[in-house]
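K.L.:
Take these sequences, add in the hints, and give me the full structure.
This note's numbering numbers the first residue of the sequence shown as 1 and each following residue consecutively.
Quick caveat, the hints were computed from the structure, so don't treat them as lab data.
Virtual Cβ for every residue (Gly too), placed ideally from N, Cα, C.
Don't take every hint at face value.
To be verified - Using C-beta positions, here's what the derived DEER-type ranges look like: (1) W225 x P40: 34 to 40 Å; (2) M198 x N143: 25 to 31 Å; (3) A164 x D16: 27 to 33 Å; (4) G113 x D202: 40 to 46 Å.
To be verified - Here are the simulated PhoX-like pairs of lysine-lysine, each with C-alpha atoms no more than 25 Å apart in a straight line: (5) K173 x K51; (6) K65 x K51; (7) K165 x K196; (8) K188 x K165; (9) K173 x K188; (10) K217 x K173; (11) K188 x K51.
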Amino acid sequence: MDPSSGAMPFEDPEFDVLEWYPHFQSCVRYFLDHAQYDGPIQAFAAFLNIKLPYQQVPNPVVSYKPAASSPATVAGAAAARHPSAHPAAAASAVHMPEYAPSPGIPTPMVSPGPNVISVTPYLRRLVAMGLDSPGILHGFFGNDWVAGIGRLHEAERRNYLFAAKSRPWLSVKDSYDMGDGQYIPYLKPLQDPSEKEMRAADVNWSEWLSVGDRQWKEWMAMEDWVIGPRAPRELRRPGAHDVAHIKREEDG
1 MDPSSGAMPF EDPEFDVLEW YPHFQSCVRY FLDHAQYDGP IQAFAAFLNI
51 KLPYQQVPNP VVSYKPAASS PATVAGAAAA RHPSAHPAAA ASAVHMPEYA
101 PSPGIPTPMV SPGPNVISVT PYLRRLVAMG LDSPGILHGF FGNDWVAGIG
151 RLHEAERRNY LFAAKSRPWL SVKDSYDMGD GQYIPYLKPL QDPSEKEMRA
201 ADVNWSEWLS VGDRQWKEWM AMEDWVIGPR APRELRRPGA HDVAHIKREE
251 DG
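P.N.:
Here it is as structure tokens:
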């Protein structure tokens, strides 16, 4: 994909989501099993004012793949592996009750899959604070970060540019704040943008402006279900029928 074409990162016709997904899983696994227990990454998270997965009380995520047992046992095992790293996990191991099925009800045998978290809040916070350098992204997500979260990172950089172009500073900051006191400490202009990246943003922004009026009308039409064959002539896509044929069923 030509970075100056204006296409969004996942609009590349050669992009294969099935090929991408294992790389993404590799990044999530590294983040959960290694990075969040690394001293420098914990320091960065404190500076970013964002909680790491193991700090998410009452549901900490302490590893990529949970043990085939209760949540309390999983948290307790992780706390034993890293006793000084995650007090939240240790606390949850103490206070989380064991699940006990009701008498007479068989317990299904379910093999737990990998824990699922969103890396987007971390990417957004790093981008908006100007800390999304390759070295820091490598520290958070490991050797596979380019193939695994590189496109997501590119998209978040462009989203940040668009947010800054379309909204006042205070409104942008508010959209990057998070709940539970995880407010973003500051905003910083996009760091080290390349000319190709800026050209791509210009092209994509111009496309949004040129079709903005049509998109607004289409959205309003969807609210009233005036879409497809019911759509006004000026909103119909090429190849759409000129006359709406709506089948109506009669009672009885």
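K.L.:
Which numbered hints are broken by the structure, listed smallest first?
P.N.:
1, 10
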